[in-house]
Amino acid sequence: MTPDRLPAPATAAARPAAEPVPALEIRDLWVSYNSPAGDVPVVRGVSLTLGRGQLVGLAGESGCGKSTLAHAAARLLPGSGHVTSGQVLYWPLAAEAAGEPVDVLRLTGEQLRQFRWRSLAMVFQSAMNSLNPVLPIGAQIADAIRAHDRTVSRKACRERGAELLDLVGVGAGRLRSYPHELSGGMRQRTMLAMALVLNPEIVIMDEPTTALDVVVQREILDEIRALQQRLGFAVLFITHDLSLLLDLADRVAVMYGGLLMEEAPVTALVGEPAHPYTSALLHSFPTIDRQERLVSIGGAPPAAGSYPPGCPFHPRCARALDTCSIKMPALTVRHAVGSACSVACWNPIPPAQVVGAVLEGEPGAS
Amino acid sequence: MTATAAGGEAIAGLNLEPLEPSRRRLARPRGKSLAGLILLGVFVIIAIVGPYVAPYDPSATSGAILQPPSAAHLLGTTQTGQDVLSQLLVGCRVTLLIGVVAGLVATSLAVLIGVTAGYLGGIADEGLSAMSNIFLVLPALPLVIVLAGYLRGAGPLSVAVVISVTGWAFGARVLRAQTLSIRERDFIKAARLKGESVLRIVVLEILPNELGIVISALLLTTVFAILTAASLAFLGLGSLSSWSWGTMLYWAQNAEAFTIGAWWWYVPPGICIALVGTALGLLNLAIDERLNPRLRYAQPVRRRAATAQGGPTAADVPALTSGAEA
Amino acid sequence: MRFFARRIGFYVVALWAALTINFLIPHLMPGNPVQLLISRFHGQLAEAAVRGLEKTFGLHTNQSLVAQYWGYLEQLAHGNLGLSITYFPASVSSELRASLPWTIGMVGTATVVSFLLGTLAGIFAGWRRGSRTVDAIVPVSTFLSSVPYFWMGLLALTVFGVSLRWFPLAGGSSQGIPVGFDPAFIGSVLYHAILPAATIIVSSAGGWLLVMRNMTVTTMSEDYITVAVAKGLTERRIMFAYAARNAILPSLSSFALSLGFIVSGAIVTEIVFSYPGVGYILFNAVGNDDYPLMQGIFLVITLAVLVANLLADVLYAALDPRIRQGVTS
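Residue numbers (the numbering used here), protein chains in the order written: chain Z, 15 to 380; chain C, 1255 to 1580; chain V, 4 to 332.
Note that these hints are calculated values from the structure, not bench results. Model, not experiment: these values are computed from the prediction. Glycine included, every Cβ here is placed at the ideal spot set by N, Cα and C. Careful, some of the hints might be misleading.
What follows is a list of derived Cβ distance ranges for each label pair [what the hints assert, rightly or not]:
(1) 51/Z x 1450/C: 38 to 44 Å
(2) 306/V x 1450/C: 45 to 51 Å
(3) 1450/C x 75/Z: 38 to 44 Å
Derived SDA-like pairs: lysine to any residue, alpha-carbon spacing no greater than 25 Å straight-line [claimed, not checked]:
(4) 169/Z x 107/V
(5) 1443/C x 1465/C
(6) 169/Z x 237/V
(7) 1443/C x 1454/C
In isolation and in its complexed conformation, chain Z is listed as follows (with noise of 0.2 Å):
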C-alpha cells in the first residue's frame, strides 16, 4: 500500500550537529498485523523523538496503533505483527561521545536481550496479570538483575530489590509477597520499581493508570514525575486519556489513525492546539480552570484496515477541505508558534482562534 501522503521534511532525516543528542528516536515507523486479506497496517510513517530525561505524552484513541507503537520500539511485538519499514534509535548515555546511535530493530540474540530492560524498560498496563503468580516478586525483581549479571549475589539483589521498593512507596517488607497479596496499586508501583531496577535510561509506560481508580492513579503519576526527576530517564507515556498529561507531560503527542496528528510542548498544545482532534481532545473533559459545555466527537474512530484516504480524521472533522479526504498532510514545523510545535494537518487552526473547531455530534463533514 502506498503511502498517499507527501514524504516527510528534511529536518526529520538528518540530525544536525548543534541539537542535543536525544534518546530514542522513532523514524517513520510502519507496522502491520497479519489478516486473511494480507497485512494491516496500524502504524503508517510515525516520527518521534524523545529527548534525554523528557516526558513525552502519547495520546489517541483506542485502536490508533500507540500500543502497537510502544511495542515495536521495545521489540516486543507478536509474531502476527511486524515492522515494515522506519528506524527505531537509541543514544545511549555512556556512547554519547562516538555519536553512534543502536539500531534497535536490527538487534538480535545476546545484543537484543541485554539492550531490553537496561536501555528500555515497560511499564504495562494491566498490572494485575503482569506479575507472575506464583514467584514472590522480590524473585522476579531479583529475576531482571541476574538475567543481565549472573554474578550479582542473590544478598546484592535483596538489597536492590528493597532500596526499589522503598523507593516507589511499597515498602521493602513486601520483598517477599506474592501479587496476590499485593492492591492494584501496589502491583502497578511494584511495576514501577520492576522497571526501573537496572536504571534504564528509557522508560516506556502503557496506560499504566488505566486500571486503577482516580485516586490511586493521582498518586502513581505523582510518583512517576517524582522519580522520573529524581533518577534521570526518559518517559514514553501513552494514555487515551489527554488531561492525565496535562500537569505531566514536557511534550505531547497525539495520535489518531495510525498516524502523528500534532507534537508540541504541552503548554503550546493545550494553549494552542492547531490540529482540529487535539482541540475536540481537549474540550472532551472537564478541567478546573474553565467552565464550559463538554463535546464529543461525533462519529467514530476508524478501524484498521478500513482507514479513509488522505487524513484518517476527515470524515468527523469541521475543517476538512477537499485535499483533506484526497492526501495527508505530512508532519509540518509551525514556525509561528515555535520551532518545537508540529501539526499534521491542511487546515490547521490558526493560533487565535481555538473554539468551535469540532461538529457537535454529527459523523462526517462534505
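With chain Z held as given, fit chains C and V onto it using these hints.
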C-alpha cells in the same frame, strides 16, 4: 550488515490476539476434526454393516487352524479356525455400542449432577460435589472389576452400565465449574428476574453455552469406556458370548497367540481400538481449540513477509533468548 | 493449612465411602456370595472356610445390616480382611503384603517417570509450537494414549521378549535368585521391571504431554510472559519459572483423574507380564471368584490412590502460593 534470521523461531511467548485470524492458521483445527470425523465415520460404517459383509460367521470353526493371512482368510484364522476378519467386522458393533452407550449414560449423569450442583449451590452443591469427587478419586478399574466379577455372565449392556457408574464423575466436575461461572452472568440473572422456571433456564440458557464441554466430555468418556470395556473383556469379565475386539484379545491371550507369534490375530483388534480412540481424541482436540482461542493461532515459524524497502520483519526477530542461536 | 485440613478431611470421607461400597457390593449383588462359592466348589469348602467367608462378608444372617456393617468395620480396624479363597488358608492381608511392594516399586517408579517425561515433553511441545515436527507430536500422543495398555504390553512382550529375547517373559525376578538386598537380586528385579515399566511409561506419557502442552500454550499468552520477555530473561528461565510453573498447576489438581487411568493400566500390565504385584493377584482372584481378595485389593488400591492424591496436593500447594494461603480468586 543485514539482520540475520537467527534461530528462526518467532517469539514463542507472545501470542497476543491478532486482529483477525489468518486463513492459514485456521486450517489447523479443521484438519484435526476432519481427520477424526473420517476415521470415526469409517468405523461407524463398519459397525453398521459389519455383520452383513463379514465373509464368515465369526464363531464358525474350521479346520484351517492358525493360518496367516491368505486369499481365503484376509486376516488369517484363530486357533479354532475362526476367521479373524469376520470377528473384527462383527466385533466392531459391540465395541462401539458399549462405548457409546456407556459414554451417553455417563455424560447424562454428569450433566444431571454437575449442572444441578453448579446451579443450585449451597448444600445441594456441597453434597453432590463431594459425591462426584469421591467417585473421581476411587480407582475405576478395580471397582469395575469387582462389580463385573459379581455380574459375571451378564450381557454387554450391563458392562456398559457398570462402566458408566465409574466414569461420570470427571464430566460432572467440569460441568459444575462451568455452570458456576455461567450462573453469575447477566443474562442468567435477567432470566431469573423474569421468573423463568429453573428447568427452562437450565435447558434453554445454560446448556447451549456448555455444549462444547458436554461434547468434549462425551468424547472422552466414550474413549474411556471403550478402553475399559476392552480391558474387562481381556480379563475375561466382559460378556464372552458376544464378539467384541476385547473378546478377540481374550481368546488370543488364552491361546497364547502372543507367544507363538500369530500377529494377525492380536494386532488388528488392538490397532482398531487405538484408531477409534485416536479419532475421538482428535475430535476432542479440535473442540478444545474451538473453545480456547489461545490454542488456535500458532505463530508461523518463519515469516517471509514482503517488506516495503527490505527493512526488518518478524523473521528477523530472534527467539527470546541470548545465546541459544548463533 | 486450612487447605490441607480440607483435603485430608475429604480423603478420609472418600476412604470411608470406599469401605462402605466394599461392604455393600456383596449385599447388593444378586445371590448370596457364600452360597455361590459353596456351590461353585461343589461343597468342598471346609467348614472353617465357610465360617471365615461369612465372617468376612458379615453375612451372619441373624444380624441386621447395620450390625453386620459394624462387625465389618471392626474387622477392618484389626487389619482383618478375611481369608483368601485362592490361596486358602492364607489371609488376604498376607497376600497383599507380599504383592504390594512389587506394585509400588514398578508402577510407582513408572508413573513418576511417565509424569516427568510427559510433562517436560509437553512444555517443549507447547513452547516450540508452530513447527511441523513439533506439532506432529500431538496426533502421535493422541494415538499412543488411545492404545490399550494391555495390548501395548503384549506387543512389547512379543517383540522384545519372545522374538528378540532381550527381556524375560514373566515374573518379578528370576527364579533361582533368592530374595535379599544384594546386587544380584536387585539387578534381577530391575531387569524384570524394565519392560512392564516401559509399557506404562509409553502408554501414559502421551496423556500428560497433551495436557501440559495445551496449558503451556494457554499460559504463554499471559501478560507476565510478555513482561518476562521484556525484562530480557533467558528463554530457559521464562520457560520454566514463568510458563511451566503456572502451566503445570492444572495437571496437579486433576491428578486424581490421571491416576485412575494409570492404575487401570498398571493392573492390566502386571497381568500381561505376570508381574507379581497387586494387579496380578487381582486377576487370579477374579478367575477364582475370590471375592474377599478382590475386595481387599480394591481397598488397598483405593488407599494407595488417596495417598498419591495427597502427595499431589502437597506438591500443588508447594508450587502455588495462592493455594497455600487459601485465596480463591
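### Query
Is the Cα-Cα distance between residue 169/Z and residue 237/V 25 Å or less?
Cα-Cα ~21 Å, so holds.
#### Entry: Agreement of residue 169/Z and residue 107/V with the hint, judged by alpha carbon distance not exceeding 25 Å
Measuring from Cα to Cα gives roughly 43 Å; hence the hint is violated.
### Task
For residue 51/Z and residue 1450/C, compare the CB-CB distance with the range 38 to 44 Å and indicate the outcome.
holds, 43 Å
### Task
Note whether the CB distance of residue 306/V and residue 1450/C lies within 45 to 51 Å or breaks it.
Distance hint for residue 306/V, residue 1450/C holds at roughly 47 Å.
### Query
Between residue 1443/C and residue 1465/C, does the CA-CA distance stay at or below 25 Å?
Holds, because 20 Å separates the two Cα atoms, which is no more than 25 Å.
#### Entry: Agreement of residue 1443/C and residue 1454/C with the hint, judged by alpha carbon distance not exceeding 25 Å
Holds, at about 13 Å.
### Task
Kindly confirm whether 38 to 44 Å is satisfied by the beta carbon distance between residue 1450/C and residue 75/Z.
Because 40 Å falls inside the window, the suggested range holds.
Of the numbered hints given earlier, the model fails hint 4 alone.
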